[in-house]
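Quick note, the sequences are listed as chains D and L, same order. Under my numbering, the first residue of the first sequence is numbered 1286, with each subsequent residue one higher. Under my numbering, the first residue of the second sequence is numbered 8, with each subsequent residue one higher.
Just so you know, nobody snuck in bad clues.
Just so you have them, the derived chain L footprint on chain D, three or more residues with Cβ under 8 angstroms:
| # | segment |
| --- | --- |
| 1 | 1578 to 1585 |
| 2 | 1661 to 1667 |
For each label pair, taking beta carbons as the anchor points, the in silico distance ranges come out as:
| # | chain 1 | residue 1 | chain 2 | residue 2 | range |
| --- | --- | --- | --- | --- | --- |
| 3 | L | R15 | D | Y1652 | 34 to 44 angstroms |
| 4 | D | M1543 | L | E127 | 51 to 61 angstroms |
| 5 | D | V1553 | L | E127 | 42 to 52 angstroms |
| 6 | D | E1664 | L | Q137 | 28 to 38 angstroms |
Read the hints as simulated data drawn from the structure, not as lab findings. Yeah, the Cβ is synthetic: ideal placement off N, Cα and C, and Gly gets one too.
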Amino acid sequence: MLTMLGIVIGVAAVIVTVAIGTGARISVQKSIASLGSNLIVVQPGSITQGGARSGFGGASTLTPADGLAIAQLPGVAAVSPVVSLRTQVVAGGNNWQTFVSGVAPTYSYIRAWPVASGRFFNQSDVQAIAKVAVLGQTVVTQLFPGQSSPIGASVLIKGTPFTVIGTLSPLGQSAMGQDQDDVILIPYSSAMERLTGLKTVNSLMVSSTQASQIDEVQSAITTLLARRHRIVPPEPNDFQVRNLQAIAQAAGSTAQVMEVLLASVAAVSLIVGGIGVMNIMLVSVTERTREIGLRMAVGAPGRSILQQFLTEAIALSSVGGVIGVVVGALGALLVSVLAHWPTQIPLPWVALAVGFAALVGIFFGYYPARKAAALNPIEALRFE
Amino acid sequence: MEPVVDVRGLRKIYTLGQEEIGALAGVDLRIDVGEFVAVMGPSGSGKSTFMQIVGMLDSPSGGSYHFEGRDVSRLTADERAAIRSSRLGFVFQSYNLLARTTALENVELPLLYATHPVREREQIARAQMQLLGIEHLAKHFSNQMSGGQQQRVAIARALVNGPALILADEPTGALDTKTSNEVMALFGELNRERGITILLVTHEADIAAYAKRIVRFRDGLIISDRINDQQRAA
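All chains, full assembly: derive it from the sequences and hints.
Right under this line is the structure:
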């Protein structure tokens, strides 16, 4: 029916915007999650030497074996040791100071950081302590300016030549303003054997299967490492387990802002729809003046007339609301099919939209209903 | 027995801008149970205003009105609505049936406001239609019936609450002569056989002739009030 159009459009608009917004929020959350919201970092603890306490990472206690043990825990998707050093690297006539990170093949998955060309090193490279390297985009431009591809070329790291087997896709700046592409990744075994000569690693990066499990995984890691390192309370742990929840929280507040925005859009379109209902009800009161007069003549008290028109307004906007939800759902479906935009309709919003539509019916139906109830029955009966 | 209608010195003044128009200038009239009164008069004589005040759709500017012994001026709007729904029945010139509604539902309408249970409503309405011999019209919509049929449905609606008084405002004004006579015969029958009190407003002498008593209005006053000794029956 034409009379409900305002409400139908209002509610449908709400549903579509909310569906698009929610879909966007979920995909944002997904990409933030891939950036590390389910990332856990294990660092060695602090040591005290001659009264001076080093910061976290000062102790050399974490080994690749710890990483393998962590990988067995439930809820852990992948683990990678990280051995990092800052050093001068040379290729051809160019040299550049950069970070060299010794990592496991899982690192690419943990950081959700695929290669742009060539390949990432694999488990057999790690076992073979292979002299292979994957370069970040910044290193590529600094060491191989104007060259189409550095793959196959050789890079000298601390005097040891490494063969470039791949380049990483650009990641840009980190949240701290650090250039994340200024890095060379090599197998952690090669880094330990050929560069640092240590049996320990700087940190372990762990990714949990789900962001929601992060706290449980974190405490499981703490328990496991305390046992492996034979820590007896009240002795402090010689390691530190942290996660990147702060990023997840930032994402959460972004989502909240989005929701407030959507709520105001929802309110505005529903109010517009409500004004439509009021108009229609006013027209209806005029059209049915004779009917109102007759109802009064046969004994309807004013409040019955009020009730009747109010009920009609509420029914009109509620039914309009339900139709709006259906139209909105179809619209959302269309958006996801045609525009390939992920959409999702949250049920509380559906309930809210229909409920608000009914409320709009009460609010905007009241004035026309009052007008109907206040009609003079004689004039109403004479009305043509 | 209390008279159904007892008005004394009834006055009504309409204000149109600066001008005051006197519609009723002091009317005294008493209608007893079982009467059939026709109010006659030219346009502007005040007969319609009188009818509206008696029907409690309008309030007088002065004078008193007692309905079945109750002083109407002391009643609230809701109490007047309650009397309209239980003690008064209206029949209009233009039938005033609800559109897109069946005859049965139209007849049920007054029961709705007299708070009868739903099932009872339909029974009472059907019984009333049967009494008037129009039960075959129950499922017809207003636009599927002739004028005469519509007016009969309207009469059934007016009777359905068992009212003390039927107010008929030019009930034959939109009907042809033959149907008019049929409808008026029905009123006469209701008055004679069921003892229903009727107040009829008309400007046609041959319609008024069906009543037992004829009251003539002119310029807001009653100019004659006599028993109709040549009452028509059919």
